[in-house]
Amino acid sequence: MAVVSVLRKACAVNPLKMSQPIGGALAFMGLDNCMPVLHGSQGCTAFGLVLFVRHFREAIPLQTTAMNEVTTIMGGIDNIEQAILNIVKRAKPAIIGICSTGLTETKGDDVDGYLKLIRKKHPELDTLPIVYVSTPDYKDAFQDGWANAVTRIVQQLVEPAPKKIQNQVNILAGSHLSPGDIDEIREIVEDFGLSPIVLPDLSGSLDGHVPEDFSPTTLGGTKVDAVRSMGQSVVTLVLGEHMLSAAVEIGIKAEVPYTVFDRLLGLEANDRFIAFLSEVSGKPVPLKYRRQRSQLVDAMLDGHFFFGGKKIAIGAEPDLLWAISSLLAEMGCEIAVAVTTTLSPMLEKIPAKEVLVGDLEDMEMRAKGCDLLITHSHGRQMAERLAIPFLRMGLPIFDRLGAGHKLGVGYRGTRDLIFEIGNLFLANAHEAGPDTWAPLQEGGSGNGAQAAAH
Amino acid sequence: MAGLTTKVQEVFDEPGCDKNQGKSEKERKKGCTKQLQPGAAAGGCAFDGAKIALQPITDVAHLVHGPIACEGNSWDNRGAKSSGSRLYRTGFTTDINETDVVYGGEKRLFKAIKEILDKYDPPAVFVYQTCVTALIGDDIDALCKAASEKFGKPIIPVNAPGFVGSKNLGNKLAGEALLDHVIGTEEPEYTTPYDINIIGEYNLAGELWQVKPLLDELGVRILSCISGDARYHEVASSHRAKAAMMVCSKAMINIARKMDERYDIPFFEGSFYGISDMSDSLRQIAQLLVQKGAGPDLLERTENLIAREEARAWEMMAPYRERLAGKRVLLITGGVKSWSVVAALQEVGIEIVGTSVKKSTKEDKERIKELMGEDAHMFDDMTPREMYAMLKDARADIMLSGGRSQFIALKAKMPWLDINQERHHAYAGYDGMVALVREIDKALYNPVWEQARKPAPWEAAWQS
Ligand code: SF4
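Each protein sequence line maps, in turn, to chains A and B.
Note that my numbering has the first sequence beginning at 151, numbered continuously upward.
Note that my numbering has the second sequence beginning at 69, numbered continuously upward.
Derived by calculation from the structure, the hints in this document are not laboratory data.
Beta carbons are placed, not taken as given, at the ideal position from N, Cα and C, and that holds for glycine.
A hint or two may mislead.
A partial selection of chain B residues facing chain A, derived with a Cβ cut-off under 8 Å [unchecked claim]:
(1) 109
(2) 113
(3) 137
(4) 139
(5) 169
(6) 183
(7) 204
(8) 472
To list a few chain A residues with every Cβ distance to chain B over 10 Å, as calculated [said to hold, decoys possible]:
(9) 162
(10) 164
(11) 219
(12) 262
(13) 286
(14) 364
(15) 440
(16) 460
(17) 484
(18) 537
(19) 540
Covered, in the sense of this in silico footprint (three residues per stretch, anywhere, with C-beta under 8 Å from a C-beta of chain A), are these stretches of chain B [claimed, not checked]:
(20) 114-127
(21) 141-149
(22) 152-161
(23) 506-518
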């Protein structure tokens, strides 16, 4: 439905986008006892670390190969070798995930080749899986880094399995899902008697638990053995379009069919999900979900008064943009501005006239007169300048608590999000005054004048 | 990059920096690219350091030339406050793509500068070099020069790509950029015998404003703060100050020293943290100004103000002294701040059970030793696991550190206080010290600790 345009300006202003390597690193953080490493200069890791710490409010395992000017030019094999050995010595991880950066990609480091040599030299590393993913900063965005890392993980670890385990299913979780979302999805799937392997599983590692001991690596998340056994599942549920290539990969390696759920936000989207689970499991839909569905329908009815005709401006990565814009459109809103970070097949389906691959300056320039802004915390300056209600969604959310538990899936999650957004509309409703219906004046601020101005 | 290499070397040979003078010729040659340990490093890059040092200049556009990583992952994440323009909080980056990597990013950079000037009309644009664009050979020095000529506005190259070294080196390279391209390029509207520069103060959480009213009261004018809450014009005309204070770190020693050399602006090294340090700093400012010709009555007025403020601060802290006496603090901070905070905390009877000196100079370490005694627990490189153990075993009551390590304390169910850049509270001057003590008290005595540490009832039953 939407025309997708990539803006041609030389300077990005107030970036919406974040880089691939940290997207990849976050995916690795969804593995249990993992140490993600950025192959680059130390600053990239420091920035990624700070960003995730502020969002999740959790200790973040993330290392660097600490390249400098000289080692960059000579090639990074020694640094990678040392980094691996140091990490093994200090943290004893079950798996190491390495993401390249702009620096080492520009130089052209052949990390796959390096790893072969390193393995030859260090047979003691034989049992330690090391997954490398190419994630140049100057290409694509965070969501792509996440997707590429997951694809590499399954490529490398999933084992072919002629025999399937009847109730085992794979769940490939996109980067738009919070740890709270993963918990919710797991609960739903388990309620159908299915046993899910979630990859990556941030709900184990970044859900804010207080462990009894200190761990330098991730604590919780998908276990390496669980990833290996994904080939034994009867089906892969693809949550988010960007997880598709990983699903295809599992299919190639182990003949597991897949089904894509491009969003789990909204009534029909969840109906499809629940119906599918019922079919796969051969179990009727539990009463719990019939009730939740009914509550959602009721919330939609109660809420639609306040959503109808509202103009919304959204800045988000493609799959999150798709989910939230679809829900709002289904509630009667107009998606007046849609800005995203990277190209994706989902973009042209977004229920808006135009989708821009751009930045928050583009969003701000177009968002005047909108009733609601939705983007990550970096939208706060724009919201202040435009004096428009602002809902924080996406990553990073560094100026609010509970980002990791924010729910945006399921009947229950949809219901609560409708309430949250509806309350923003209610709290900012324009009350009629004596001048509301006065004839249009220059700079009039009454409701009538505003409506006419749009 | 030949120019840059020389610059790095030059900064490294900084005579004012005893850290380097202590090194042998060969060691010094190796420069700041002290080989970090791959897989066990944690600090920010030189670009990060340069940005920290200059971003507090509020009315200019800070344009980061590089791929999205450098600015996209980090913008608007620092706590420097402004009393005026907000432009410094706008994230500008060339966000270079694959084509730029292949064909060079200079064209895009030039256009980006033009776009910014057209749209935002700042008094200057600061252009930051980063790793990828340095590696492909984009010459930002030459480009900025050309752009300045073409657009008739100062376009300032900040040549501190991440991979040349640490944050600290970045601070210094940022200082060099100011010395080479900004300081001394404009004239102040007027000058007074009471004009000072404050160097190396970033106005985090508004800390400068805890100090400025006192200087105002004394009639001392901050001609330029480099760079907290600064305007471009102030920095550009800062060479007319009579004296300077360099805030307790070697990070910008090069600015202080070279301004002394070039413009005869004497400086001292001081700190606004802690009551006695604050008073010392005021005293030294007054002394330097009087030496340079300010009315000698300034000395007495300063003493009076110090007496009044100290009395007021001690009175405000009195209720906390008893509650905090003997409390044990683990202090993990970027070295330069260590001794200054150590002194401050000891003033209220807090015990420092350990401090990190990873980034401290020899002199810093000496001062810590002076303050904490010979057996001071100075950790060169404390691993998170060790910090955790120390807290978990209750060998410390609270940890003060930067945001990244807060969870080590919280997961050990021990209090923690942010004393780094992203902090929300201002701890400078007399009021700041009172605030710091109040925050420590709040953290230590918050009732959550008791509940959080208690096991669930069923687990308690198991244990007993
Ligand atoms: S290390 Fe280099 S690429 Fe990474 S953030 Fe710093 S300047 Fe940018």
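Going through the hints against the structure:
Against a cut-off of 8 Å between C-beta atoms, the interface hint on residue 109 (chain B) holds, since the closest Cβ of chain A lies about 4 Å away. About 2 Å separates the beta-carbon of residue 113 (chain B) from the nearest beta-carbon of chain A, less than 8 Å, and the hint is met. Satisfaction of the interface hint for residue 137 (chain B) is found here, the shortest Cβ-Cβ separation to chain A being roughly 4 Å, below the 8 Å cut-off. Annotation: interface hint on residue 139 (chain B) holds; nearest CB of chain A at approximately 6 Å, less than 8 Å.
The criterion of a C-beta within 8 Å of any C-beta in chain A is met by residue 169 (chain B), whose closest approach is roughly 5 Å, and the hint holds. Against a cut-off of 8 Å between C-beta atoms, the interface hint on residue 183 (chain B) holds, since the closest Cβ of chain A lies about 5 Å away. The closest approach between the C-beta of residue 204 (chain B) and any C-beta of chain A is roughly 6 Å, which is under the 8 Å cut-off, so the hint is satisfied. Annotation: interface hint on residue 472 (chain B) holds; nearest CB of chain A at approximately 5 Å, less than 8 Å.
Look at residue 162 (chain A): its CB is around 4 Å from the nearest CB on chain B, not clear of 10 Å, so calling it non-interface is violated. Chain B draws residue 164 (chain A) into its interface by the beta-carbon criterion, the shortest separation being 5 Å against a cut-off of 10 Å. The beta carbon of residue 219 (chain A) is not kept farther than 10 Å from every beta carbon of chain B, the shortest such distance being approximately 5 Å. Distance check on residue 262 (chain A): its Cβ is at least 18 Å (rounded) from any Cβ of chain B, clearing the 10 Å threshold; non-interface status holds.
Its closest Cβ contact with chain B, about 8 Å, brings residue 286 (chain A) to no more than 10 Å, contrary to its assignment away from the interface. Once the 10 Å rule is applied to beta carbons, residue 364 (chain A) is inconsistent with being away from chain B; the minimum gap is 4 Å. No Cβ of chain B comes within 10 Å of the Cβ of residue 440 (chain A); the nearest lies about 33 Å off, and the non-interface call holds. In this structure residue 460 (chain A) is separated from chain B by more than 10 Å, as the shortest Cβ-Cβ distance comes to about 28 Å.
The Cβ of residue 484 (chain A) lies farther than 10 Å from every Cβ of chain B, with a closest approach of about 28 Å, so its non-interface assignment holds. Listed as a non-interface residue, residue 537 (chain A) keeps its Cβ farther than 10 Å from every Cβ of chain B; the least gap is roughly 15 Å. A cut-off of 10 Å between C-beta atoms confirms that residue 540 (chain A) is not in contact with chain B; the least separation is 15 Å. A count of 3 residues in the stretch 114-127 of chain B with a Cβ less than 8 Å from any Cβ of chain A is obtained; the coverage claim is therefore met, three being the minimum.
Only residues whose beta carbon comes within less than 8 Å of a beta carbon in chain A count, and the stretch 141-149 of chain B has 5; three or more means the coverage holds. Coverage of the stretch 152-161 of chain B by chain A holds. Counting CB-CB distances below 8 Å, 6 residues qualify, and the rule asks for three or more. Check on the stretch 506-518 of chain B: 0 of its residues sit with their Cβ under 8 Å from a Cβ of chain A, so the three-residue criterion for coverage is violated.
In the structure shown, a violation is registered for the earlier hints numbered 9, 10, 11, 13, 14, 23, in ascending order.
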